[in-house]
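> If you want the building blocks of each chain, they are given just below.
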Amino acid sequence: MDPFEQHEGTVAALDRANVDTDQIIPKQFLKSIRRTGFGDNLFDAWRYLDEGEIGKNANERRINHDFVLNEPRYAGASILLARDNFGCGSSREHAVWALQEYGFRCVIAPSFADIFFNNSLKNGLLPVVLDKKYVDELFGIVHHEAGYTLRVDLGAQAVLGSGFSAHFDIESEPKRQLMEGLDDIGATLAHADAIREFESRHRRRMPWVFARGGNTR
Amino acid sequence: MAGKTVYDKIWDAHVVAVRDDGMTILYVDRHLLHEVTSPQAFEGLALAGRSPWRRDANLATPDHNVPTTNRAHGVDGIDDPVAKEQVLVLDDNCKRYGIEQFAMTDRRQGIVHVIGPEQGATLPGMTIVCGDSHTSTHGAFAALAHGIGTSEVEHVLATQCLVQRKSRNMRIEVDGELPFGTTAKDMILNIIGRIGTAGATGHAIEYAGSAVRALSMEARMTLCNMSIEAGARAGLVAVDDATLNYVHGRPFAPRGAMWDRAEDYWRTLVSDADANFDAEIGLDATGIVPQVTWGTSPELVLGIDEDVPAPDDFDDPAKRELCERALAYMDLEPGTPIASVPVDRVFIGSCTNGRIEDLRAAATVLEGRRVAGSVTQAMAVPGSGLVKEQAEAEGLDAIFRSAGFEWRDPGCSMCLAMNDDRLYPGERSAATSNRNFEGRQGHQGRTHLVSPAMAAAAAVAGYFTDVRELA
Numbered sequence: 001m002d003p004f005e006q007h008e009g010t011v012a013a014l015d016r017a018n019v020d021t022d023q024i025i026p027k028q029f030l031k032s033i034r035r036t037g038f039g040d041n042l043f044d045a046w047r048y049l050d051e052g053e054i055g056k057n058a059n060e061r062r063i064n065h066d067f068v069l070n071e072p073r074y075a076g077a078s079i080l081l082a083r084d085n086f087g088c089g090s091s092r093e094h095a096v097w098a099l100q101e102y103g104f105r106c107v108i109a110p111s112f113a114d115i116f117f118n119n120s121l122k123n124g125l126l127p128v129v130l131d132k133k134y135v136d137e138l139f140g141i142v143h144h145e146a147g148y149t150l151r152v153d154l155g156a157q158a159v160l161g162s163g164f165s166a167h168f169d170i171e172s173e174p175k176r177q178l179m180e181g182l183d184d185i186g187a188t189l190a191h192a193d194a195i196r197e198f199e200s201r202h203r204r205r206m207p208w209v210f211a212r213g214g215n216t217r
Numbered sequence: 001m002a003g004k005t006v007y008d009k010i011w012d013a014h015v016v017a018v019r020d021d022g023m024t025i026l027y028v029d030r031h032l033l034h035e036v037t038s039p040q041a042f043e044g045l046a047l048a049g050r051s052p053w054r055r056d057a058n059l060a061t062p063d064h065n066v067p068t069t070n071r072a073h074g075v076d077g078i079d080d081p082v083a084k085e086q087v088l089v090l091d092d093n094c095k096r097y098g099i100e101q102f103a104m105t106d107r108r109q110g111i112v113h114v115i116g117p118e119q120g121a122t123l124p125g126m127t128i129v130c131g132d133s134h135t136s137t138h139g140a141f142a143a144l145a146h147g148i149g150t151s152e153v154e155h156v157l158a159t160q161c162l163v164q165r166k167s168r169n170m171r172i173e174v175d176g177e178l179p180f181g182t183t184a185k186d187m188i189l190n191i192i193g194r195i196g197t198a199g200a201t202g203h204a205i206e207y208a209g210s211a212v213r214a215l216s217m218e219a220r221m222t223l224c225n226m227s228i229e230a231g232a233r234a235g236l237v238a239v240d241d242a243t244l245n246y247v248h249g250r251p252f253a254p255r256g257a258m259w260d261r262a263e264d265y266w267r268t269l270v271s272d273a274d275a276n277f278d279a280e281i282g283l284d285a286t287g288i289v290p291q292v293t294w295g296t297s298p299e300l301v302l303g304i305d306e307d308v309p310a311p312d313d314f315d316d317p318a319k320r321e322l323c324e325r326a327l328a329y330m331d332l333e334p335g336t337p338i339a340s341v342p343v344d345r346v347f348i349g350s351c352t353n354g355r356i357e358d359l360r361a362a363a364t365v366l367e368g369r370r371v372a373g374s375v376t377q378a379m380a381v382p383g384s385g386l387v388k389e390q391a392e393a394e395g396l397d398a399i400f401r402s403a404g405f406e407w408r409d410p411g412c413s414m415c416l417a418m419n420d421d422r423l424y425p426g427e428r429s430a431a432t433s434n435r436n437f438e439g440r441q442g443h444q445g446r447t448h449l450v451s452p453a454m455a456a457a458a459a460v461a462g463y464f465t466d467v468r469e470l471a
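Order-wise, the sequence lines are chains U and A.
Per the working numbering: the first sequence = residues 1 to 217.
Per the working numbering: the second sequence = residues 1 to 471.
Where hints are given, some of them may not hold.
Listed next, the in silico BS3-like pairs over lysine-lysine satisfying Cα-Cα at most 25 Å (straight line) [to be verified]:
hint : chain 1 : residue 1 : chain 2 : residue 2
1    : A       : Lys84     : A       : Lys95
2    : A       : Lys319    : U       : Lys133
3    : U       : Lys175    : U       : Lys133
4    : A       : Lys166    : U       : Lys175
5    : A       : Lys319    : U       : Lys132
6    : A       : Lys84     : U       : Lys56
7    : A       : Lys166    : A       : Lys4
8    : U       : Lys132    : U       : Lys175
What the hints contain is simulated information worked out from the structure, not anything from laboratory work.
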């Protein structure tokens, strides 16, 4: 995972609440066994007028010019501004991979669905929770100012832009992991002895968890 | 000191370590895998030169992608080469790492959340995870069960643990008797309609109250299944006799002396009288009528006797906008009685409603009746091979077939339409599944979520209708 310290980029505003992961990356693309190749199909049913299929050339698709991300002003956007409960629904991590591959490094919203939030942290996509009043303010600014950019400083836990500044909260550990690009599994395996110790205690206490159909004491 | 909730008890029994930063390393007892969210996790494991921490904690089955017809040839019968590759990769990974799999031709194959409980691989007090958000289903057994992403699938494979922060406790107490013709599906849709799709975000829900106690285990699974549609990763029900009666004698469940020991422990999996809940919601079951979702979020739900709302019915501007968008997508006019809306396809199945009791409930409505001529397709998709066998032994397949239903092989099918079972643009379904998001059941398809009995009633009438009037 690439470290995230700070990022400055164009903000795209997606003014919908409850954006679910079925919208972020529709099911037909989940057949892939790879972690890559999802960027062209981010928000597929919204971005294009024709039905998307795996392997379909994005250059031959019919673009939905009414969809915000297709507006020229948002070309190259790397910060997504969204509404409440972003990423609800399916646990598909492909949603995070698709957002990243499209070019997003950060999503700002008043609230996120739990699983999506977690998946983002695991991949170095920074989910920034900002109070609704700040998000409202940002939607106003971005709406009026084409090409508006923000700088998201994870160390300082700040979102800064022309005429805008807000502090955000994030727990210390995910913050450290994002900033250092740490291997999550490696960090847990550092506790391997504790896991083994727990496991043998657990096995004594609850042997039925380990013994399939067992009847021994 | 305040007592503990069921969630607290299971959590406490699985804490390996609390890190300096306050995050908990939580031990995972059971890890369920399927073909869609595991390939990248196995790849990551291999790239890092790691192997599964405890092979026998894992149980795999292909379910999301498998066709529900032409199953005699197993994987070779999958026409879609991309889907086929994914199922083959699961086969390979399970062989390579020695993970038990109910492969496509195994009679026990089925939807991962149906087979866990069916096999007794889901036991009370367990921590259970799977790369699928409907893992909450297993909470019906007083297990702590929730969905995880693919990175976490890899993490669990490699370490048998997850790094977690504890959720808050929420109790949803449903008292009174569910009226005739209403089910656990109507109960959970009604709850989601009240609290919204983010209503329980950050919480583990405990469903309690006399109406919940009165539910069968299968109905409790339906209830817990849709916790995620209320924003909660986990939902659970405390242990009682129904829990233990269901588990007893299942292949993975303990027997003999070990059962007795397990039972002693499992009986403690009820919330203490003085346990503290961060949020409590009360609901009267007697007021619940059969539910039908009308919009593109599970919270947009109506009683069968109600009319499609107008944007102005909502005070919150965000809800107003959601309503407007949903009306347009669903092609519905405000004020339309939901009980007059015609359906094109009917889907009975999924991890929400693909178990034997669900098929029985639908068959009861269908017996001696026919699917309306205006309905393009009606399909029944059992949740597992064993559910299918049981249904056939009871003659339910004959009832479905003679009513004009297609009788399919097990899988997730039209719940998420990764295989060929799907809606086509503009079509409208009555579906017993769990999500009515835009395009969920097919590009530009329109989904209405209902109970199995209500889906059967819609199939017969050709439009949504009150199943209580058909009985």
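> Look at each hint and say if it fits the structure.
Results for each hint:
1. A/Lys84 x A/Lys95: At roughly 17 Å apart (the allowed maximum being 25 Å), A/Lys95 and A/Lys84 satisfy the hint.
2. A/Lys319 x U/Lys133: holds, 17 Å
3. U/Lys175 x U/Lys133: With Cα atoms ~24 Å apart, U/Lys175 and U/Lys133 stay inside 25 Å; holds.
4. A/Lys166 x U/Lys175: It holds: about 18 Å lies between the C-alpha atoms, which stays within 25 Å.
5. A/Lys319 x U/Lys132: It holds: about 15 Å lies between the C-alpha atoms, which stays within 25 Å.
6. A/Lys84 x U/Lys56: This hinted pair holds, its Cα atoms lying about 18 Å apart.
7. A/Lys166 x A/Lys4: holds, 14 Å
8. U/Lys132 x U/Lys175: Cα-Cα ~22 Å, so holds.
Checked against the numbered hints above, the structure breaks none of them.
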